[in-house]
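J.: Sequence:
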Amino acid sequence: MTLEKTKDNERRKTIEKLKQMNFFNYLGRYSDNSYFLPRELNSLCEIITDNFSRYNQMEKDCEGKIPAENKKLADLYYSLGLAGNILEDMKNLSNITVDKEEISLEYEKKDVTGHIMNMYLKDIEKNENEFVFQKPRDIIDHSYDFFSRLYLHCQKEIAKYDDETKKEIAKLLFNESDKTHSCNIIINKDKNETIRKIEPILKTTKIPFEIKKSLDKYIMGQERGKRVLSSAVSFHYGLLRKKIHDELKNNGGDINKALKDTPPSKTNIIFIGPTGCGKTYSLRKLSEEINIPFIEEDMSKFSKTGYVGKNVESILMDLYYKADENPYLAQMGIVYLDEIDKIASENTFGKDVSGEGVQEELLKLIEGGYNSFEINGKNLSLTTNHILFIASGAFENIIEKDPISREDLIKYGMKREFMGRVQKIVKYHPLNKDHLKKILNESKDTPLNDYKDFFRIHNIGLRFTDDAIDFIAEEASHEKIGARAISGKIEDILEEYMFEKPGNYKGELVIDRKYAEQRLLG
Numbered sequence: 450m451t452l453e454k455t456k457d458n459e460r461r462k463t464i465e466k467l468k469q470m471n472f473f474n475y476l477g478r479y480s481d482n483s484y485f486l487p488r489e490l491n492s493l494c495e496i497i498t499d500n501f502s503r504y505n506q507m508e509k510d511c512e513g514k515i516p517a518e519n520k521k522l523a524d525l526y527y528s529l530g531l532a533g534n535i536l537e538d539m540k541n542l543s544n545i546t547v548d549k550e551e552i553s554l555e556y557e558k559k560d561v562t563g564h565i566m567n568m569y570l571k572d573i574e575k576n577e578n579e580f581v582f583q584k585p586r587d588i589i590d591h592s593y594d595f596f597s598r599l600y601l602h603c604q605k606e607i608a609k610y611d612d613e614t615k616k617e618i619a620k621l622l623f624n625e626s627d628k629t630h631s632c633n634i635i636i637n638k639d640k641n642e643t644i645r646k647i648e649p650i651l652k653t654t655k656i657p658f659e660i661k662k663s664l665d666k667y668i669m670g671q672e673r674g675k676r677v678l679s680s681a682v683s684f685h686y687g688l689l690r691k692k693i694h695d696e697l698k699n700n701g702g703d704i705n706k707a708l709k710d711t712p713p714s715k716t717n718i719i720f721i722g723p724t725g726c727g728k729t730y731s732l733r734k735l736s737e738e739i740n741i742p743f744i745e746e747d748m749s750k751f752s753k754t755g756y757v758g759k760n761v762e763s764i765l766m767d768l769y770y771k772a773d774e775n776p777y778l779a780q781m782g783i784v785y786l787d788e789i790d791k792i793a794s795e796n797t798f799g800k801d802v803s804g805e806g807v808q809e810e811l812l813k814l815i816e817g818g819y820n821s822f823e824i825n826g827k828n829l830s831l832t833t834n835h836i837l838f839i840a841s842g843a844f845e846n847i848i849e850k851d852p853i854s855r856e857d858l859i860k861y862g863m864k865r866e867f868m869g870r871v872q873k874i875v876k877y878h879p880l881n882k883d884h885l886k887k888i889l890n891e892s893k894d895t896p897l898n899d900y901k902d903f904f905r906i907h908n909i910g911l912r913f914t915d916d917a918i919d920f921i922a923e924e925a926s927h928e929k930i931g932a933r934a935i936s937g938k939i940e941d942i943l944e945e946y947m948f949e950k951p952g953n954y955k956g957e958l959v960i961d962r963k964y965a966e967q968r969l970l971g
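For any residue, its number in the working numbering is found by taking its place in the sequence shown, counting from 1, and adding 449.
The hints are simulated quantities; they were obtained by calculation from the structure and are not laboratory data.
A couple of the hints might just be wrong.
Below 30 Å or equal to it, Euclidean Cα-Cα: the simulated BS3-like pairs (lysine-lysine) are [stated by the list, open to error]: (1) Lys873 <-> Lys887; (2) Lys620 <-> Lys509; (3) Lys873 <-> Lys666; (4) Lys514 <-> Lys605; (5) Lys771 <-> Lys750; (6) Lys691 <-> Lys771; (7) Lys620 <-> Lys520; (8) Lys750 <-> Lys864; (9) Lys893 <-> Lys955; (10) Lys850 <-> Lys876; (11) Lys620 <-> Lys605; (12) Lys734 <-> Lys692; (13) Lys893 <-> Lys873; (14) Lys662 <-> Lys882; (15) Lys698 <-> Lys655; (16) Lys709 <-> Lys698; (17) Lys887 <-> Lys655; (18) Lys666 <-> Lys929; (19) Lys750 <-> Lys813; (20) Lys771 <-> Lys655; (21) Lys873 <-> Lys860; (22) Lys662 <-> Lys876; (23) Lys709 <-> Lys827; (24) Lys901 <-> Lys955; (25) Lys813 <-> Lys771; (26) Lys813 <-> Lys791; (27) Lys860 <-> Lys791; (28) Lys850 <-> Lys873.
Here are the simulated distance ranges between beta carbons [unchecked claim]: (29) Lys520 <-> Arg733: 50 to 60 Å; (30) Lys882 <-> Asp665: 14 to 24 Å; (31) Arg733 <-> Asn519: 43 to 53 Å; (32) Asp961 <-> Asn846: 34 to 44 Å; (33) Asn846 <-> Lys893: 30 to 40 Å; (34) Lys666 <-> Lys860: 34 to 44 Å; (35) Lys605 <-> Arg855: 40 to 50 Å; (36) Asp883 <-> Ile847: 20 to 30 Å; (37) His907 <-> Lys521: 51 to 61 Å; (38) Gly817 <-> Ile847: 21 to 31 Å; (39) Phe903 <-> Phe658: 33 to 43 Å.
Every residue, glycine too, gets a C-beta built ideally from N, C-alpha and C.
Based on the provided sequences and hints, a complete structural model is requested.
T.: See the structure below:
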């Protein structure tokens, strides 16, 4: 029987198994002697059956060559290569992004690829019972997810073997011309660990709408700021994930080469707005939303030399430690430069020379390239090509302008070269009474929660009436410091109750406007 005939038979067997589960009934139509599938599904079936045929043949070629004690390792290599090549071939079917979780895999059958095919069919059948696949993309996504989980499981299991054993078995299984993932990625344990450590980047797939929706739960107002921030993060890490993923496949898992060869794709931002308007808070909530190393740096504490205050080299050190001393992850983190206006070269803070010097040093980081420094006696060289820089400041003399231009910031004292590396300028507006009221009533981080929790510990309920909330928001708005004024007002209102009630009272405390006015206005 010819190879083409064998492959066609294998393909028909696969489709027949899927047909038996009525898996394609609503997607395509078929008769007893023929089948008609959407183009993408046709391609998927060909990819799967071609690779299964290839690895079936590899099993036969290696039969009797593998020592019994290393049979499981060989099976893991077969499975890894099979999954890796299917994923490689599938990447052109559609733009697939699927989270990967662990998969349970036991080798009890002699026919490893047949065992995996049965697992695949059972996995599809199980998930079809839970929800209906509506379109070809659903099946492709699910298939990609299955083989991704299989691939990651094999990586993890293979890493448990010593390097000499892995090299010995790999030589038996794969020749130099065989470019499977098994040889190229997993033989080296360190590379396997590195790939595992950059999973947060490879799994960052949220779209702008999803990120903004999460920010909306905490930040009231500032619609443009949240949209720009969400788009910038999604754009940067979406492209970075794809490029790094492709580079890893093309260069055998060398992370350093992938970072070096991947061109930057980021939008650095500067936020301008008064204190308490949500600039820093937006970034903090964003860092919780995405699992990526994030650091805040107060630029008012920096100097060029470091003799007085911090120097910019310490920014990379801080990011390195925040990434749990993982240099690869650190090179793809987010740096938030707060109070950037404090290093303007012509301002009223008496730091004219030092501020300009700090800007010059920052340029070396923001424009990209490699930066070397020493930590614990070890020399590190990190690229900042893929670090996203976001700055913010009050810029008091120009904050009233709308819009604020790049030239306005240059006249304020920001170096033209520095501003040339900032792609977006976004203004945050002062929070008014309505915003503050929404923070009290709607934000998931409303300051009221802490006080309610405090009293709840002592079996006391705490409730603010609507008119009391309205009054607190109104009084806080007069302070002109945004959300920062809210907690102080609540503290003043509850001061006596917080001291007197715990241990002496059980029940509910109701704070109305009359009591709030009495406490705040006397």
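J.: Mind checking the alpha carbons of Lys850 and Lys876 for me, to see if they're no more than 30 Å apart?
T.: This hinted pair holds, its Cα atoms lying about 9 Å apart.
J.: Would the pair Lys860 and Lys791 pass a check requiring their Cα atoms to be no farther apart than 30 Å?
T.: holds, 14 Å
J.: In this structure, is the beta-carbon distance linking Lys882 and Asp665 contained in 14 to 24 Å?
T.: holds, 19 Å
J.: Are the Cα positions of Lys698 and Lys655 separated by 30 Å at most?
T.: Holds, at about 23 Å.
J.: Taking only the CA atoms, is the gap from Lys709 to Lys827 under or equal to 30 Å?
T.: holds, 21 Å
J.: Is the distance from the Cβ of Arg733 to the Cβ of Asn519 consistent with 43 to 53 Å?
T.: Between Arg733 and Asn519, where Cβ atoms are some 50 Å apart, the hint holds.
J.: For Lys734 and Lys692, compute the direct alpha-carbon distance and say whether it is at most 30 Å.
T.: Roughly 26 Å separates the two Cα atoms, so the pair holds.
J.: Cβ-Cβ distance between Lys605 and Arg855: within 40 to 50 Å?
T.: The hint (40 to 50 Å, Cβ to Cβ) holds, given that Lys605 and Arg855 are roughly 49 Å apart.
J.: Is it true that the CA of Lys887 sits at most 30 Å from the CA of Lys655?
T.: Given pair Lys887, Lys655 holds - Cα atoms ~26 Å apart, limit 30 Å.
J.: Decide if the proposed pair is consistent with the structure: Lys873 and Lys860, CA atoms, cutoff 30 Å inclusive.
T.: Holds, at about 17 Å.
J.: Mind checking the alpha carbons of Lys691 and Lys771 for me, to see if they're no more than 30 Å apart?
T.: holds, 24 Å
J.: Indicate whether the distance between the beta carbons of Phe903 and Phe658 respects the range 33 to 43 Å.
T.: holds, 36 Å
Against the hints set out earlier in the document, no violation occurs for any number.
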